[in-house]
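Please work from the sequences and hints to get the whole structure.
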Amino acid sequence: MTSRRGLSRVQAVPRRTPVTWARGGGLTTLLFLLPLLFVFGAFSWYPIVRTVIMSLQHTNLVQPARWVGFQNFERVWHDPLFPIAVRNTAYFAGLALVFGYPIPLVAAVLMSEVRKRRGIYSGLAYLPVVIPPVVAVLLWKTFYDASSTGAFNTILGWVHLGPYPWLQSQQWAMPSLVLESTWANAGGTVIIYLAALTGVQTELYEAASVDGAGLLRKVWHITLPQLRGILLVTMILQIIGTAQVFLEPYLFTSGGPANATLTVLLLIYNYAFGNSLGGDYGNATALSLMLAGFLTLFSLFYLRATRSWSTR
Amino acid sequence: MKSTRVATTVAAASLLVFAGTVASTAAGSTHAAKTVTISVVSLIPGSTQAAVDQFNAQVAEFEKANPSIKVKPVEYQWTAPTFAAKLAARTLPTVFEVPFTDARSLGDNGQLADLTSYVKKLPYFSKYNPAVIAEGTDSKGQIVALPKAAYAQALHYNRHLFSQAGLDPNKPPTTWAQLRADAKQIAQKTGKPGYVEMAKDDNTAGWILTTVVYSLGGRMETGVGTKAKATLDNPQTIQALNMLKAMRWTDNSMGANFDYGWSDVNQAFAAGTVGMYISGSDVYTNLVQASNIDPSIYGIAPIPLAKSKTAGVLGGGTLAAVRPDANAAAKAAAVKWMDFYYEEPLISKAQAIRNAQTLVENKQPVGVPALPIFNKAQYDLANSWIKPFINVPISQMKPFLTGIFKQQLVPEPEASTQSVYHALDAVVEGVLTNKNTNVVQMLQQANSTAQTAIQQGD
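From first to last, the protein sequence lines are chains A and B.
Counting with our numbering, you get residues 2 to 313 for the letters of the first sequence.
Counting with our numbering, you get residues 7 to 464 for the letters of the second sequence.
Read the hints as simulated data drawn from the structure, not as lab findings.
Heads up, the beta-carbon is just placed ideally off N, CA and C, and yes, glycines get one too.
Sample of chain A residues facing chain B (criterion: CB under 10 Å; computed from the structure): (1) Leu168; (2) Ala174; (3) Phe253; (4) Phe274.
What follows is the structure, given as structure tokens:
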């Protein structure tokens with residue numbers, strides 16, 4: 002009955018032509034859609050298409066471009082700086098995961114336990130996010146002064162530690178960047194965790210308390226399982242974010258000392274803008290696509306591997 | 007309802023057409039105007055108000071003499087990454103500056119305007135030092151840039167720290183062994199770094215290392231163009247790096263921070279926290295304009311040269327060039343500005359005196375040591391014109407002024423200069439930040455990187 006009525010309705014509708022489409026308000030729809038299409042087209046889709054095209058060309062954007070096939074990918078692959086940049090990026094991401102990932106969670110759990118003035122604590126935690134990143138880096142750069150009169154070295158000197166070389170040492174430079182990055186970015190994640198913690202059923206905590214569970218057992222058996230969906234999302238976001246780290250190495254060390262903080266994104270930047278005679282945009286876009294490809298595959302693998310855990 | 011929609015659509019379309027018409031009319035009006043507007047580089051960002059006032063006074067003077075030309079000053083500091091980005095984005099001013107190392111290649115790549123016909127009409131064209139004008143001439147013989155200034159690398163030293171350390175500020179070091187000993191003494195007696203080097207990953211580390219290597223008699227490459235051979239791992243480079251290593255790790259005379267770029271080291275020196283450093287002989291202008299240096303601390307001397315026939319001082323300079331898309335009127339106006347701002351003060355007595363007067367009135371340095379871009383006789387003559395206006399501490403510059411013309415001037419590496427410097431950056435950083443750096447191994451890697459860049463013409 003339903004299908005017959007549907008069929009008759011289809012038959013009743015006149016054939017759609019450009020004229021009927023326009024009369025039916027199609028033009029107005031298109032007009033409202035145009036700004037969105039333009040913004041996405043100009044600032045998202047066109048650059049992506051252009052990136053793919055440029056990765057197959059040899060161009061400095063001044064002289065005419067030359068098609069070179071996959072030569073740019075080969076050149077990047079054989080560049081001695083490529084494995085260094087990959088290793089450094091993985092090191093940054095690893096350090097950020099080990100130290101930077103748990104800190105916001107611990108901070109959020111502790112803050113949620115506080116009964117009074119919780120707003121002040123979350124405000125203080127979020128404050129570094131509000132400070133413009135360039136200002137924050139320049140501020141930390143003075144803290145990291147390697148002389149004994151530097152801010153951190155002076156403080157550590159009070160307890161007879163240091164002076165430490167911070168950014169002036171190949172071993173210390175990367176951990177120093179991770180420290181500042183954790184300080185700068187933890188606030189945003191803390192707020193997400195605090196919001197997620199409000200969704201945890203308080204009855205569970207009360208029941209655990211009746212059973213004699215302490216804070217740590219409650220966190221382990223109630224909080225973490227309840228937050229696992231959020232934890233998985235923040236972890237993949239952090240991995241993707243740290244794989245694209247640029248600001249800290251660029252502003253703190255320019256990739257130095259001796260390439261110790263050269264990351265993949267900084268290498269892309271150097272390909273594009275490192276040579277005053279005109280950048281090698283082919284290499285830069287080729288490496289960009291390689292990174293994008295890797296992150297896509299990694300994200301798919303991650304989501305597949307954690308699907309059952311996150312929906313359990 | 008439908009008619010309302012159609013009306014809305016038509017109204018919006020009409021608005022777009024109207025906006026387009028207005029835009030095209032506005033673009034047309036700039037073409038119709040008779041006045042030519044050119045943008046020119048002015049001072050580096052962060053310059054003092056006095057320096058800005060002095061520049062604006064010169065602009066006003068030029069516009070008065072050339073009523074049909076409007077000059078728009080743009081702050082500018084040449085760095086490799088920002089220059090490359092502006093070049094690609096076509097956002098450079100009409101007249102901009104490039105180092106000696108880049109003009110020829112940029113010209114060959116069609117990235118600079120051909121100024122030959124305009125430049126050859128200049129009355130003093132024949133007086134240019136041929137070696138200097140060659141830096142602004144591309145392989146087809148087209149003149150694509152005019153020299154602004156030439157410099158020789160020099161040793162800048164803090165006279166106050168010399169005195170505090172018990173050294174004679176009138177006797178700067180003349181050998182590298184003496185320089186090392188003086189640096190150690192300054193560090194020990196004053197607690198300040200006795201000697202620092204630019205060691206940033208922005209080609210400055212390689213630039214200064216090349217300077218030291220030249221002074222020891224070494225060269226970074228042989229041959230020209232893409233067939234040049236990189237020789238970064240020559241014995242003098244190893245010697246220079248080992249000396250740096252000893253000063254850093256044995257003498258501990260280089261302080262604790264090793265990431266100085268060109269601006270950073272100037273600021274540190276002007277602040278009185280650096281004993282000695284190497285930079286261009288004309289850097290005093292920046293020390294005044296951007297860092298308000300106390301003139302009494304300033305001293306300048308020639309780079310110590312080894313007793314070798316090939317030992318020499320690295321020389322370079324700055325050229326003024328024009329955007330390749332400038333039309334004939336803009337090119338003519340640009341060359342007029344270049345003539346007025348860069349060249350006339352060096353060739354015309356009246357303009358030299360007027361320029362010096364303006365500089366003095368605005369408390370800007372007059373008499374900063376530079377090298378001749380015309381012949382030596384013209385250089386001496388121009389200096390004699392401005393002698394009454396010289397306000398730099400000329401007696402403190404005596405060691406350099408008396409010594410520099412006895413030194414052999416060696417141009418920067420010709421092939422892929424910036425890439426060669428960049429390859430050396432990491433080696434210098436390695437030596438200064440890791441006690442166990444294998445100098446020879448790092449140099450071999452840098453040499454291989456530089457050779458690849460040379461072959462690819464990067």
